[in-house]
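Undergrad: Now for the letters of each chain:
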Amino acid sequence: MIETATTWTNWVPLAIVLSSLLPGLFIFTLREDQVALRTTLNLIGAVLKLVLVGVMLWGVARGMEFRFALPFLPNGLLILKGDALSLQFVTLSAVLWLTTTLYAIGYLEGAPLRSRFFGYFSLCVSATAGLALAGNLVTFVLFYELLTLATFPLVVHRGTVEALRAGRIYLAYTLGGGTLALLGAVLLHTQGGSPAFVPGGYLPAAGEDSQLILTLAFGLLIAGFGVKAALFPLHGWLPTAMVAPAPVSALLHAVAVVKAGAFGIVRVVYDVYGVELMTAMDLAQPLLWLACFTILYGSVRALFQTDLKKRLAFSTVSQVSYVTLGVALLGPIGAVGGLVHLVHQGLMKVTLFYCAGNFAETLHIHKIREMDGVGKRMPLTMAAFTVGALGMIGVPPVAGFISKWYLGLGALEVGADWVLLVLVGSGLLNALYFLPILYRGWFAPPPARWAHDEKLGTGQPGLGETHWMLLWPALITASLALLVGILAGTDLSPLNWAQLTVNLEFDL
Amino acid sequence: MGMTVITPLLYWLSWIFLLLSAGFFIAGTVGMLRFPDIYSRLHAVTKADTLGLGLLVIGLSLRADDLYSVGIMILIWLLVMGSGATACQLLARYGRESEGDTEADDVAS
Amino acid sequence: MSLHEWMLDGTLGLLVLILAVAVLHVRSLYISIVLFIAFGLLLALIWARLGAPDLALAEAAIGAGLTGTLLLAAYGRVSERRRKAEEPLDWHAGPALLLSLIIAVILMRAVWPLPDLDSALVPAVADQMAQSGVGHPVTAVLLSFRAWDTLLELLVLLLAFMAVRQLLPSLPRQPEAWPLLQAWSRLLAPLSVLIGGYLLWRGSADPGGAFQAGALLAAGAILLRLTGLLPALGWHHFWIRALILGGCMVFLAIGVAGYWLGTGFLGYADGWAGPLILLIEVFATLSIATTLTLLVIGETREVRE
Amino acid sequence: MTAALIALLLPLFTALCLLLLRSRSGVLVIVTSLLTLLAAAWSLYDVTVNGPQWLELGDWPPPLAIRFQLQPITALLLVFSAMIHLLVAVYAAGSQHSKTRYTDFWPLSCLLQGSLNALWLSGDLFNWYVTLELLGLAAVALVALSGRKAYGPALNYLLLSLGASLVYLLGVALAYGRYGVLDISLLGAMTEADTTTRIAWWLMTLGLMLKAALWPFHLWLPRAHASAPTAVSALLSALVVKGPLFILWRLWSEGAPTELAVEAGPVLAVAGIAALILGGWSALRTPWLKSLVAYSTVAQLGYALMALGLLMYWQLPALDAALWLFVLAHGLAKASMFLAAGELQASLGSKRVSALRGTTETMPVAMFAFAVAGGSLIGLPPSGGFLAKWLLLEPMFETVNHWPWVVGILLGTLISAGYVFRVVALAFDRADPVPPDFSPDRFAHWLALLPALVVWGLALISEPLIHWLTGVPL
Amino acid sequence: MTQVLFYLILGVCLWALGLYGLLRLKESIRRIISVNIMGSGVFMVMVALAARSEDPDPVMHALVVTGLVVAISATAFALRLSVADVQEDDQ
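Read top to bottom, the protein sequences are chains E, H, R, X and P.
As numbered in the working numbering, residues 63 to 570 make up the first sequence, in order.
As numbered in the working numbering, residues 542 to 650 make up the second sequence, in order.
As numbered in the working numbering, residues 21 to 325 make up the third sequence, in order.
As numbered in the working numbering, residues 1296 to 1769 make up the fourth sequence, in order.
As numbered in the working numbering, residues 696 to 786 make up the fifth sequence, in order.
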């Protein structure tokens, strides 16, 4: 069954996936009132996963090989492998899962059906971890579809009519996408089986007859993953899925779903087709145009949103396309920009959602016009929100600036100058829809008395402005975003890690 | 048995009987179709057909090569006669009851 | 084919076809049932004409006799309202008629080349007859060569009976039997047992066998039961259950014993074929007789608990 | 071969003993079906070790005798039907809501399993006719168990099934008339494509399609399955409709000449796609829960029919694995779905799908079973359904001009996703959940979940499974 | 046009008639009768096939006997089912 001598390194990837799956399944069986047990289980799972990821980081740096394989389909194995690219994504999801779990515990205090919520929550994260560690296209599609199944109950968690409508739309998009991705995977499988991902792509050179099939497969895969990466025509589900509770939208937008789509596109471009084949068949051009159009379209739509979470949703639509943009440039520097943005956007966007959740929970603020003078009442949350927002716009020293900088350089290096214009334009648009919020938050006069003030913490501005479990995650991720920006040069930063991966991809 | 020796005579004799039996069968059927009520029809069917069958048995036994099959045919004839009579009685009784005759005279008490 | 053979076959065939069409198209249900019984009897004649005495026996006993009784019994229970609202097949059912005509023509084309072909099984049966332990080829096929079919068929009969057990047939008013009928049935019953036994015994050498004998015995039993001479045969009596299940059980036991002794599943040891087949036939006949009787006239008390 | 024979005869003996002793104890049936499962597993091991085996009944030479044939696929089907029968027997004995406890369900279900095992093993055309009759009668008797409301649909099912058997029998008669042999493998060597053979094969195919409720002849299935008791509809959907499909496969892959098979392939494949789409469409629109599940059977059989059609059209034995994986995965998933649906319907006391609002709160396990089984029907990885769909898709991509079949599968997947998630989404609705009438039966819910989990685990044992189905080691 | 062919065609016609009746009729007892007619059609085809060789083919006869028993049991069940279906309406 499992070939080669099974050293402990073979079991680590499986352990990472199981570290959130097993607690999740156990949590399903817990009764509602077993809060302490559930919280400890959640936290143990999160910390364990973080430790295992640390071990793998340390191991890969030492050059050890982490590979777990299981026979699944005729010459299509189920492979979980820890390579440079997957580690970036799995580290991000491990860190953010810890903070989001903390946040969700605080957010859902006293809410019904928490066992079910946390059960599906951990299933969703194990699907993301599996997706990140997937060693070949078959495993990737498998975890891609499992992710859909795990996130659907979260989106419809509240059970209201709009939640169900959003759930149905979400399903229609993601199941359709999943089937397209499956068809693409089968198409490629018939070409040469499903060998493991190889930096630089494993597909043979495009012969005459297989030209059509490879392009068709590329189109199917990009369409399939594009649904979750919210590329232009397929992004419809993202704004409607805002009906879900805050931790879910944070999870969806920053940690799991959207990143899965973008990561899928990165895998397909780099590890399935490889840069030479892409340039030979010049598949990247349409992808580049689509990414640019989505960036602009997302920002423009965000402008017109009055609801805070809807605006953040459309900003995600545009931000994720940066990753696709970086990848589609096919240049090494652009690739670094795209990969590193994968991490940066995750940190910044999750901070923004935490803060939006805090505002909604403590002061019942949903609309942007209700945010006048919130800085006075909740200064720390507003500060975190500002860091996230500035990062989004691309203001140094927050992380966002670095990825945009590298994307710009990448565009110049490849000679696609018009992409620079798009980047600048989108930066402007980001400013147009984030700055008014910041202005309202800090400088607008606060209302005489807040309509509803839940007084979760001590009710006084400062460390007790809201429930500590809601405040601290926002602060942690905001500071992380700042640290990553400032310490970009050191070798521990995601930028360096992205550079390392790209060196492998382009074998510089 | 001696039957096969004088076949031409018996052969023609059996033809006569067979034709007679066919005639009686046809008479019975015509009677059943034409007669007005159930009793006369029953009468026609049972009487004519049993006689026709008897003649048929005689005709065939003249041709039969051994006594064994003649014996079987006679047993069949007896059986048909018995069941024909019983069936005729039953149908007549059913006819009488469905007409709603009041005095059920000869029913066993 | 000589002329007079043509006349016989022609009349038989035409009669059967006309009867079949009449059965489907006549207005009243009662007349269509009666015509169907006549159709069954004519079929028996045709089987005899085509050189299949076993089938003629079976068709007359089972096809015309028992099916006719079942139909009349069902007709008797069908409520007045249903009988009034009979609507025959309307003649002008254009498209469906056309479709079945087309199907018939297609099938005729398929059937056309068949008469001058022959079957590989006929010589195979001939040269295997010696070991089959039975004289009559049809019985040999039924109980030696294709014994598994016969066993499954006994199971089908048993299954039909078990299925009928689930339904709740009502209790029709049992008419008080008329003395002359009782006298006649007292005469007929032993006769049917005698002829049934004869058919069963001769089955190994001449046309006859378990099914025909079983049907005859069932007819005798039904007559006795209807005229009240036989008490209700309840399913709760162990011997009734033993009788009904006996056929299948013995057959299976002998089959398994054959496999265990090494002569193959449902195979008989060389010396033992004749007596074993007779044993199976006896039990099968009793089982078929009881099952058919209870199928035709079994009432709620008898059929269920 | 002995093990397969034990697996065949054990249920028959149990049924006879149950009737003789007039006992209605479920435990006896559960024990014997467990033994049958062990015997079937042993026969599977036996056939994997020393290859296919034949058993001439009564040791008569081949053209005369009926031959039992034990192939890996037959042994696998023996195991599959024994497993489903064991599961349904345990459900019928254990569940509070099962109405079949004090009826003849026990001997009838044993007879059903016996006749199905006889069908898997046999290779003789007329023997298949008798086993089909046995199967049909047992199925109708089981449907009629649930009282008066089932008599109408049961009678309609019986009459159509009898008609179909006679259509099949005429085909057999023509085939026998033309070739003089009844054994399918002997026929395979002799058949050549002339009008009589073509008509005979098409008659047999039409008869079997009606009995297997394949697309154009499926109208009797929803009414019969919806009115049957839960345990029975699970048995019917998972097992009974598969018997005729097995014969259809043997007829066309073994018996028919290649020209005939290539000519008939596309017709069956198109019927498969039509079944997928139309069956799915009526499942989407029906208001009743059980007829939704029944229509989904019609739709899922479309997949198998399509696999069969393409198998014949491209003469590609690799598609056998796809066909039989669909059948196995559908059987397990449908058994779990029907048990779950039956439990939901019995606890909520209403037949309608709209009554399922909020069941994820009131009956989470039953709804989870329904959703997981639905997942396999859609073909989400890593379920058995996904594996089968993958194997079906693979040969389709050899050349680009096979794209219509791929579009068919795509539509089929989306529609099946439609009717499964129609129910699942409803279950998450917490606006005004319908409270269950009385305490839901925990044991039956977990039992319904079991086959669903098995079908999802099917993919993990895919290597031996595919080896058994195609005989080629992975 | 030999005797066998004549009966083969007759059998096919009966079969088609029975099928036509089964699909067209609505009243259950008539549908059961048409199924029986269809069955006798098939049996006639089989018996005619058996009569091709001078001593008739025993396998076919055995099959028809089996078919007859199957037909009678199915008819008995169908009739009881149709009666039970109707009767319950009245009470």
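It is worth saying that the hints were derived from the structure and are not from the lab.
Virtual Cβ for every residue (Gly too), placed ideally from N, Cα, C.
Incorrect hints may appear among the rest.
Partner residues aside, some chain X positions facing chain R, computed with beta carbon under 10 angstroms [stated by the list, open to error]: (1) Asn1422; (2) Gly1447; (3) Leu1465; (4) Trp1698; (5) Val1701.
Undergrad: For a quick check of understanding: which of the numbered hints are violated here, in increasing order?
TA: Going through the list in order, the structure violates hints 2, 4, 5 and respects the others.
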